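K.L.:
Sequence order for the protein chains is C and H. Going by my numbering, the letters in the first sequence line up with residues 10 to 332, in that order. Going by my numbering, the letters in the second sequence line up with residues 356 to 678, in that order.
Because the hints were derived from the structure by calculation, they are not lab data. Just so you know, these numbers come straight off a predicted model, no measurement behind them. Watch out, some of these pointers could steer you wrong.
Residues from chain H that face chain C, not an exhaustive set, calculated with beta carbons under 10 Å [unchecked claim]:
#1 Tyr392
#2 Arg394
#3 Pro407
#4 Tyr408
#5 Lys433
#6 Ile435
#7 Ser515
#8 Gly527
#9 Trp607
#10 Leu625
#11 Val627
#12 Ala630
#13 Thr657
The beta-carbon is built from N, C-alpha and C at its ideal position, and this holds for glycine as well.
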Amino acid sequence: MAIKQIAPELSYTPTKKKGFYKFSDSGIASYLMLAPFVLLFLVWAVYPVLSSLRLSFMRYNAICDEALSPCGSVGFGNYTYLILQDSRFHKALFNTSLYVIGAVTLGLLASLSLSLALQADTRANRVLRVIFFLPSVTSGIAVVLVWGWVFRGDDIGLLNSLLSTFGVAPVEWLATPSLAIPILIFMSIWGGAGFGMVLFLAGLNAIPAMYYEAAVIDGANRRDRFRYITLPLLKPVMVYVVITGTIGAFQIFEGVYLLFPTSVGSIGGLKDMALMIVPYLYDMGFNRFRLGYASAVAWILFAIIFTISLINIRVTKSLEDLR
Amino acid sequence: MNAKRTEKRLERKNDELMERSGNFENPFETKGKFSKYARVPIYLLTVVMIAPYYWMITSSFKSVKELQKVPPTLIPEKWIPGNYWDPNYDPNMYQQDIMQGLFQRFTKVQFGFGRFFLNSFFITTTITILTLLIGSLAAYVVAKHRFKAKRAIYLVIIGSMMIPWQVGLIPGFLLVDDLGWLNTFWAYIIPALPKAFIVFFLVQYLSSIPDELIEAARIDGAREWTIYFRIVLPLLKPAMIAMMIFTAIGEWNNFLWPLIITQSQDMANLPVALALLKNSGAGNIGTQGVIMAAALLVSMPTIILYFLTQRHFIRGIALSGIK
Numbered sequence: 010m011a012i013k014q015i016a017p018e019l020s021y022t023p024t025k026k027k028g029f030y031k032f033s034d035s036g037i038a039s040y041l042m043l044a045p046f047v048l049l050f051l052v053w054a055v056y057p058v059l060s061s062l063r064l065s066f067m068r069y070n071a072i073c074d075e076a077l078s079p080c081g082s083v084g085f086g087n088y089t090y091l092i093l094q095d096s097r098f099h100k101a102l103f104n105t106s107l108y109v110i111g112a113v114t115l116g117l118l119a120s121l122s123l124s125l126a127l128q129a130d131t132r133a134n135r136v137l138r139v140i141f142f143l144p145s146v147t148s149g150i151a152v153v154l155v156w157g158w159v160f161r162g163d164d165i166g167l168l169n170s171l172l173s174t175f176g177v178a179p180v181e182w183l184a185t186p187s188l189a190i191p192i193l194i195f196m197s198i199w200g201g202a203g204f205g206m207v208l209f210l211a212g213l214n215a216i217p218a219m220y221y222e223a224a225v226i227d228g229a230n231r232r233d234r235f236r237y238i239t240l241p242l243l244k245p246v247m248v249y250v251v252i253t254g255t256i257g258a259f260q261i262f263e264g265v266y267l268l269f270p271t272s273v274g275s276i277g278g279l280k281d282m283a284l285m286i287v288p289y290l291y292d293m294g295f296n297r298f299r300l301g302y303a304s305a306v307a308w309i310l311f312a313i314i315f316t317i318s319l320i321n322i323r324v325t326k327s328l329e330d331l332r
Numbered sequence: 356m357n358a359k360r361t362e363k364r365l366e367r368k369n370d371e372l373m374e375r376s377g378n379f380e381n382p383f384e385t386k387g388k389f390s391k392y393a394r395v396p397i398y399l400l401t402v403v404m405i406a407p408y409y410w411m412i413t414s415s416f417k418s419v420k421e422l423q424k425v426p427p428t429l430i431p432e433k434w435i436p437g438n439y440w441d442p443n444y445d446p447n448m449y450q451q452d453i454m455q456g457l458f459q460r461f462t463k464v465q466f467g468f469g470r471f472f473l474n475s476f477f478i479t480t481t482i483t484i485l486t487l488l489i490g491s492l493a494a495y496v497v498a499k500h501r502f503k504a505k506r507a508i509y510l511v512i513i514g515s516m517m518i519p520w521q522v523g524l525i526p527g528f529l530l531v532d533d534l535g536w537l538n539t540f541w542a543y544i545i546p547a548l549p550k551a552f553i554v555f556f557l558v559q560y561l562s563s564i565p566d567e568l569i570e571a572a573r574i575d576g577a578r579e580w581t582i583y584f585r586i587v588l589p590l591l592k593p594a595m596i597a598m599m600i601f602t603a604i605g606e607w608n609n610f611l612w613p614l615i616i617t618q619s620q621d622m623a624n625l626p627v628a629l630a631l632l633k634n635s636g637a638g639n640i641g642t643q644g645v646i647m648a649a650a651l652l653v654s655m656p657t658i659i660l661y662f663l664t665q666r667h668f669i670r671g672i673a674l675s676g677i678k
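Chain C with its partners taken away, still in its complex shape (with noise of 0.2 Å):
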């Protein structure tokens, strides 16, 4: 009573809200600061993600005849077929699991090793560091050429002709079956161990000084600190190293695509020894036209990445309740 005869505007009095402030604090303004990315993201992000997953269940290809190649609902045919019957699926499948184990382990252990020995904040290190990271922002086809020419298969081949000086005979690197995923995980890493550096540096960084003073004047030696300090502090960065170094594993195209592609216009390299998820969608959809096939080698892509993320989470979840 007393505030509203003083200063009769302090006073509070739910009023009603009107027109766009109904739901909106700041009225008109929110609405058009949002809408722009909203209605593109629903355009260019939503729209194609739902609409892969209807064409995902079609037999679709751009020209749609009836009489030459119809479209049409085919149910899970096209999931089934890939699952069960489709053996070139199987082989990419198989080439990139082997892939993202080989490249996500090792990786993670080479970025690891790299953030420890590089740690100290030394003139040195400082531009070691930077060579270290350099792929990182390089194009990856412009890497992927030199690659070519490393792994040329003719002595003129960098690697052959080195390996020349020794009197080894030239060795068909691309087009050795066996040798087409090592090779693949080698340029990841060699691609890749920079980035996790930078990620595990900046982990490092943040331990405070202090947990391992502490653990001097208990008397731990350099290995005690890393297990007991070091190791379990950096458990975050890890999972995080993991997760997005698996995600990025499975979408790996560039180097399949440049380095092992067929005759026929086909990709995959010699029976299909470095066929991958990625190159195989991009096969099926864009030399083939089979668009709704493609769609639902998309959603299988998906759906292991998915359930993969979901793993790593629980798993180091479930870990840390056990301790």
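Knowing the structure of chain C, use the given hints to seat chain H on it.
P.N.:
For chain H alone, coordinates are given in the frame of chain C:
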């Protein structure tokens, strides 16, 4: 003024965080016998890291004759510019030792290889500016407006990050086709604009900025757009710079989407042009020098950008990874 101070404070806090370290040496611990050699593997690895770049640079200045040498020369016997531009080149007659330089190829395309630079530059800058503008506007509304359904909208945006982008690849292609955008800049730019990660990152960053700053401006009677341009944007600067660099490098190196939507050479971006170049002279050793020249030119801009913005870059990765 106030905004500037907060920004400074955040920056300082960040730097402090970086300086605290898991990098701890016990001054009383004796080092092992072999610690003198502990750095040797790192230096060997450094050589492996640099080698592809070294090869790109040196072999782009070698003559065809020198490129064919076994074993290859480490340093060019004679540095020649022919892989880029050979002044003696005459398209009407073939002569030995005279090369068709990089900028003398792609004769059917206006400006030759330079055209791809223009394409890539235009696409990258446009996408980077627009995507950050609409992304930051949306992030501001999500983080700082009281807005009905904003939680739901934000959830959809974050959720979309779990879906690999290849899932929307085929419907995206069909949509671009229906709009008649195939082989145009529209197809490059518009679908690339809504980036969920940018909104996510900026919302995270904004939520660490106190609401009072914005409330105060509102009480002073500032309109929403004024608040956005005068207070929010300056506060977001560090985060925006990091996102700008990421987006620019990502778009510059983008390959699969451009590969699908370009149908004529003159609309290719640089990575697609590299692939075209590679496929045009697949096994021919004579084109290797030209390919290396192109790979070098394509990689340079992002590497330079990285060198110029290193601090922001590394901090950006740390911010996005460790949160």
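K.L.:
Against this structure, judge whether each hint is valid.
P.N.:
Verification of the supplied hints:
The interface hint given for H/Tyr392 is violated, since its Cβ lies 13 Å from the closest Cβ of chain C, which is over the 10 Å cut-off. At about 8 Å, the closest approach between the beta carbon of H/Arg394 and any beta carbon in chain C falls short of 10 Å, and the interface hint on this residue holds. Annotation: H/Pro407 was flagged as interfacial toward chain C, and the flag holds, the nearest CB pair being 4 Å apart, inside 10 Å. With its C-beta approaching chain C no nearer than about 7 Å, H/Tyr408 sits inside the 10 Å limit, and its interface hint holds.
At about 19 Å, the closest approach between the beta carbon of H/Lys433 and any beta carbon in chain C exceeds 10 Å, and the interface hint on this residue is violated. Using the Cβ-Cβ criterion of 10 Å, the hint placing H/Ile435 at the interface with chain C is not satisfied: the shortest such distance is roughly 19 Å. Because the smallest distance between the Cβ of H/Ser515 and any Cβ of chain C comes to about 5 Å, under 10 Å, the interface hint for this residue holds. The interface hint given for H/Gly527 holds, since its Cβ lies 5 Å from the closest Cβ of chain C, which is under the 10 Å cut-off.
The beta carbon of H/Trp607 is positioned within 10 Å of a beta carbon in chain C (closest approach about 7 Å), and the interface hint is therefore held. Residue-level restraint check for H/Leu625 holds (minimum Cβ-Cβ distance to chain C is 7 Å; threshold 10 Å). With 10 Å as the threshold, the beta carbon of H/Val627 comes within range of chain C, its nearest partner Cβ sitting at about 8 Å, so the hint holds. The beta carbon of H/Ala630 comes within 6 Å of a beta carbon in chain C, closer than 10 Å, and the hint placing it at the interface holds.
Using the Cβ-Cβ criterion of 10 Å, the hint placing H/Thr657 at the interface with chain C is satisfied: the shortest such distance is roughly 5 Å.
Hints 1, 5, 6 from the list above are not met by this structure, while the remaining hints are.
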